[in-house]
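Chains A and B, in that order, give the protein sequences. Numbered by the numbering used here, the letters in the first sequence go through residues 1 to 395 in order. Numbered by the numbering used here, the letters in the second sequence go through residues 1 to 74 in order.
Treat each hint with caution, since some may be false.
In silico BS3-like cross-links for lysine-lysine, where the CA-CA straight-line distance does not exceed 30 Å [as the list claims (entries may be wrong)]:
1. 19(B) with 321(A)
2. 161(A) with 321(A)
3. 19(B) with 161(A)
4. 19(B) with 30(A)
Label-pair restraints from in silico Cβ distances [said to hold, decoys possible]:
5. 183(A) with 38(B): 17 to 25 Å
6. 169(A) with 73(B): 49 to 57 Å
7. 72(B) with 114(A): 49 to 57 Å
8. 47(B) with 93(A): 44 to 52 Å
9. 48(A) with 70(B): 17 to 25 Å
10. 55(B) with 384(A): 16 to 24 Å
11. 55(B) with 76(A): 37 to 45 Å
Keep in mind that the hints were calculated from the coordinates and are not lab data. Heads up, the beta-carbon is just placed ideally off N, CA and C, and yes, glycines get one too.
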Amino acid sequence: MGTGHGGVQTGNALRRAGWVGPITLVGAEKHLPYQRPPLSKSCADAEALDDLALFHPAAHYDSVGVDLELGAQVVGIDRDGSEVELHSGRRLAYDHLVLALGSRPRPVPVAGCGLAGVHTLRTLDDARWISARLRTAGSVVLVGGGFIGLELATVAARLGKRVTVVEAAPRLLHGAVTPVTGQFLTERHTAAGVRLRLGEAVDRITGVDGAVRSVLTASGDELSADLVVVCVGAVPNCELARAAGLPVDDGILVDYDLVTADPAISAIGDCARFPYGNRRVRLSSVQNAFDGATHVARRLTSGAGGYAPVPWFWSDQAGVKVQMAGLPTALHGGLGSGPEEQLDVEGDVAGGSFSVHRYVDGRFVGGESVGMPRAHLAMRRRLAAERASAVPLAG
Amino acid sequence: MTTDLKAATTMNLTIDVAKCCGSGQCVMAAPDVFDQDDDGVAFLLDQTPPDTERANVDEAIASCPTGAITVVDG
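With the hints as constraints, model all of the structure from the sequences given.
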């Protein structure tokens, strides 16, 4: 269930691993399965976006033997009967069910979110809508200075729009990147003409005749806007799992092999919370969806066990590609809830070619790099070596 | 596309640079065939690698998260 990176890769990896039984990909959207990263990075041109985002042409699924059930809303999982029930009333039987349900934009309790011109970004249809709106909009406000907000700000600024990012935290990508990279990106975005309002909450969004007019900040500023995109994180899609009686806690709980409390059901990607060292984490990334799918396919075909990924992530913004390795600080016990991280900076930060290595108690925990892809790969190899030498705790 | 390991054919590789996300998966799988520029975008060191690279290239294609690599046997 799910036709994002996790679902598509599950099918591909199962066939590659020699799975001979039928495979069905079930997704609520009517589009052929597509990739989400380009939606925020490349939404300036809607036509190019369709090609860029497409995983495979329809013929691919025929050739590898994966049945697509698109536009098919799942309304329930019948674990006793080993069936998935669709909105149409049809039921699909399964021997094993993989939940790759993803996440959805976190709603914000701010008045005015229902006005025309206020949107969130998750699906290809969202991206097409924003793309069309960007053509005519003069002023764009991004609520949230995370990856999606900053990638959209980059696209909008490049199109010559008046762009403002309103972020409640005191700095960009707080907890997601180190202060070194956060400051670097702050300067690059500012130089590109993006106005950054940090440490500023949104009070409400105002409109005229049902259409957005401005964003009012908590400190009383009024930011005029023809387009507002609210990008304040995502929440996992767990409702179907919960309704089926599976344990859920901000993510469907799975063991070290990504198996839920029901051995016939796995969960991967954004919707799953899995053991990582001595904690449980939920990761929203291509890496986690892709590697989780590959792991489940391997487990189902050869029984090989233990999902021990090396997290990595990337973002294209402010004219650079930022590459990250390891769990972000916010998930690593940093930000005041754990030991302080020591940073080791190499290269030329001002020149946009640098790497930041993060250490906790002398142990390397990850880092980020800009303009140094080899440093990024070296970080991932180092993390992989450390993970291989660590003894996993019981899940 | 074929994955017949015994075929003594030539692999002809292409990279869709617009799709490449700079993950470096291909460089890790087949370092003699793929490299990255300073922005992380992959390029080919060898567009028609020898058959001894076939397993590595297969791994590179399978592990590319955006499906940016294509091989045509000729």
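Here's how the hints hold up against the structure:
A hinted pair counts as satisfied when its Cα atoms are at most 30 Å apart, and residue 19(B) with residue 321(A) qualifies at roughly 14 Å. For the suggested pair residue 161(A) and residue 321(A), the alpha carbons sit about 22 Å apart, so the restraint of at most 30 Å is met. At most 30 Å may separate the alpha-carbon atoms for a hinted pair to count; residue 19(B) and residue 161(A) meet this at roughly 26 Å. Taking the CA atoms of residue 19(B) and residue 30(A), the gap is near 22 Å; set against the 30 Å cutoff, the hint holds.
Between residue 183(A) and residue 38(B) the Cβ separation comes to about 21 Å, which falls inside the hinted range of 17 to 25 Å. Evaluation of the 49 to 57 Å hint for residue 169(A) and residue 73(B) yields a pass: the beta carbon distance comes to about 52 Å. In this structure the supplied range 49 to 57 Å holds for residue 72(B) paired with residue 114(A), their Cβ-Cβ distance being about 50 Å. Residue 47(B) and residue 93(A) have their C-beta atoms about 46 Å apart, which keeps the hinted 44 to 52 Å range intact.
For residue 48(A) and residue 70(B), the Cβ-Cβ distance of about 19 Å falls inside the hinted range of 17 to 25 Å, so the restraint holds. Between residue 55(B) and residue 384(A), the C-beta spacing of about 20 Å keeps the proposed range 16 to 24 Å intact. The given range of 37 to 45 Å is respected by residue 55(B) and residue 76(A), whose C-beta atoms sit roughly 43 Å from each other.
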